[in-house]
Amino acid sequence: MQPDAGAWGAVVRGPLLWLTVTLLVYLASQWLHARTGSTWLNPVLISVITMSTLLLLTRTPYVDYAEATRFIHFLLGPATVALAVPLYHRLNRLRTLAGPVTIALICGALTAVISAIGLGKLLGASDLSLLSLAPKSVTTPIAMGIAEKVGGQPSLTAVLVILTGIIGAVGGKAILDLLRINDPAVRGFAIGVASHGIGTARAFQMDEETGAFAGLGMGLNGILTAIIVPVIVDLLNLAP
Amino acid sequence: MISGLAILLLFQLAGELIVTATGLPIPGPVVGMLLLFIVLLARGRVPHGLERTADALIKTLSLLFVPAGTGVVAYLALLRQEWLPITAALVGGTALTIAATALTMRAVIAHRERKGPRSAA
Numbered sequence: 001m002q003p004d005a006g007a008w009g010a011v012v013r014g015p016l017l018w019l020t021v022t023l024l025v026y027l028a029s030q031w032l033h034a035r036t037g038s039t040w041l042n043p044v045l046i047s048v049i050t051m052s053t054l055l056l057l058t059r060t061p062y063v064d065y066a067e068a069t070r071f072i073h074f075l076l077g078p079a080t081v082a083l084a085v086p087l088y089h090r091l092n093r094l095r096t097l098a099g100p101v102t103i104a105l106i107c108g109a110l111t112a113v114i115s116a117i118g119l120g121k122l123l124g125a126s127d128l129s130l131l132s133l134a135p136k137s138v139t140t141p142i143a144m145g146i147a148e149k150v151g152g153q154p155s156l157t158a159v160l161v162i163l164t165g166i167i168g169a170v171g172g173k174a175i176l177d178l179l180r181i182n183d184p185a186v187r188g189f190a191i192g193v194a195s196h197g198i199g200t201a202r203a204f205q206m207d208e209e210t211g212a213f214a215g216l217g218m219g220l221n222g223i224l225t226a227i228i229v230p231v232i233v234d235l236l237n238l239a240p
Numbered sequence: 001m002i003s004g005l006a007i008l009l010l011f012q013l014a015g016e017l018i019v020t021a022t023g024l025p026i027p028g029p030v031v032g033m034l035l036l037f038i039v040l041l042a043r044g045r046v047p048h049g050l051e052r053t054a055d056a057l058i059k060t061l062s063l064l065f066v067p068a069g070t071g072v073v074a075y076l077a078l079l080r081q082e083w084l085p086i087t088a089a090l091v092g093g094t095a096l097t098i099a100a101t102a103l104t105m106r107a108v109i110a111h112r113e114r115k116g117p118r119s120a121a
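Same order as they appear, the protein sequences are chains A and B. Those letters in the first sequence? Residues 1 to 240, by the numbering used here. Those letters in the second sequence? Residues 1 to 121, by the numbering used here.
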């Protein structure tokens, strides 16, 4: 053994190395995204692919990485609570469209959960996958909390949520154009309900109103989905 | 910054306590978010420190997804085995959700406008 192997080993085992690498990879992904402006080069997608590759190459078990980055992950809780602030700022817009927003929200939330479970079951997904898929349309901290409640796998849910966000961010505009939906409030709300924060970030690139309503859709659907998923899972007898 | 973080953690803690006490099927932070929303409604304004911390956290939201998203390495075998139903549920489900939400909202707005221009604000 090299004389400094022990010291190096301690650095590798501590949280410092992976925390630093994660931040650097994220910054690089953000730079790449800003530089190219490509929807496909979503910073979350690029960071996750890079970190996964690094873990596989260094044969680092995911549990070790999760332990090292617990601090970043912990911030998802207060970040969820913080979503109340933009929601409060959009109160006036919310009041003028309260009726349409409420009905569209109920319809969208039910479609998201039932279509995910239905399509998955139809094509033979396992129960664990179905339970992890059910809350896929809402923002990660809420979705992971829901998955944990109903017996899904929270870290699998996180992956599915992020993929859903990327799909909504990349394909949402095309679907809305196809349906000839022109009202920015409607476009934004639909993107936010279906594809949470990653879709919302994309909606803000379209215009301010689309982004604001996407944020509203994300927040409201987070609450409604947290209530309906346990009920639907119970009705379908999926709970383990 | 710190006062904002303290407020957020306090509401998260309150949310967790309520969930534990009542057995509600909702995650603690979501209850915390609802509580904070209600308190902001009652107060009529957002404290400066909270505004700054909330803004900073929401701006870095993408980064917070990375540790959980990297969990994909633990599910490569499952994803390989169930790629078809999972892809269908993700792509089909997301497309259906966008369409259903947008079509419903447009229909309700159009219905309201037909009833009278006064309420079409």
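If you're looking for bench data, these hints aren't it; they were derived computationally from the structure. None of the values given here were measured: they were computed from a predicted structure. Ideal Cβ positions, reconstructed from N, Cα and C, are used throughout, including at glycine. Where hints are given, some of them may not hold.
[Said to hold, decoys possible] Straight-line C-alpha distance at most 25 Å; calculated SDA-like pairs for lysine to any residue:
#, chain 1, residue 1, chain 2, residue 2
1, B, Lys115, B, Leu103
2, B, Lys59, A, His33
3, B, Lys115, A, His33
4, A, Lys173, B, Ala110
5, B, Lys59, B, Val39
6, A, Lys173, A, Thr53
7, A, Lys121, B, Ala77
8, B, Lys59, A, Gly211
[Claimed, not checked] Example chain B residues on the side facing chain A (calculated, C-beta under 10 Å, incomplete):
#, residue
9, Leu9
10, Phe11
11, Leu17
12, Ile18
13, Ala21
14, Ile38
15, Leu41
16, Val46
17, Ala56
18, Ile58
19, Leu61
20, Leu64
21, Gly69
22, Val91
23, Arg112
Do the hints match the structure? See the list:
1. B:Lys115 <-> B:Leu103: The given pair, whose Cα atoms are some 19 Å apart, holds under the 25 Å limit.
2. B:Lys59 <-> A:His33: holds (15 Å)
3. B:Lys115 <-> A:His33: violated (46 Å)
4. A:Lys173 <-> B:Ala110: holds (21 Å)
5. B:Lys59 <-> B:Val39: Measuring from Cα to Cα gives roughly 23 Å; hence the hint holds.
6. A:Lys173 <-> A:Thr53: violated (30 Å)
7. A:Lys121 <-> B:Ala77: holds (19 Å)
8. B:Lys59 <-> A:Gly211: Within the cut-off at roughly 14 Å; holds.
9. Leu9: This hint holds: Leu9 (chain B) lies near chain A, its Cβ roughly 6 Å from the closest one there, short of 10 Å.
10. Phe11: With Cβ-Cβ at 5 Å, under 10 Å, it holds.
11. Leu17: violated (13 Å)
12. Ile18: Since chain A brings no Cβ nearer than about 13 Å to Ile18 (chain B), farther than 10 Å, the hint is violated.
13. Ala21: violated (16 Å)
14. Ile38: holds (9 Å)
15. Leu41: Constraint on Leu41 (chain B) satisfied, holds at 7 Å.
16. Val46: holds (6 Å)
17. Ala56: Hint on Ala56 (chain B): holds, closest Cβ of chain A at ~9 Å, below 10 Å.
18. Ile58: holds (6 Å)
19. Leu61: holds (5 Å)
20. Leu64: The hint holds - Leu64 (chain B) has a Cβ within 10 Å of chain A, the shortest such distance being about 5 Å.
21. Gly69: For Gly69 (chain B), the interface hint holds, since the closest Cβ of chain A sits about 4 Å away, which is under 10 Å.
22. Val91: This interface hint holds because 6 Å falls under the 10 Å limit.
23. Arg112: Holds, about 7 Å.
The structure shown violates the earlier hints numbered 3, 6, 11, 12, 13.
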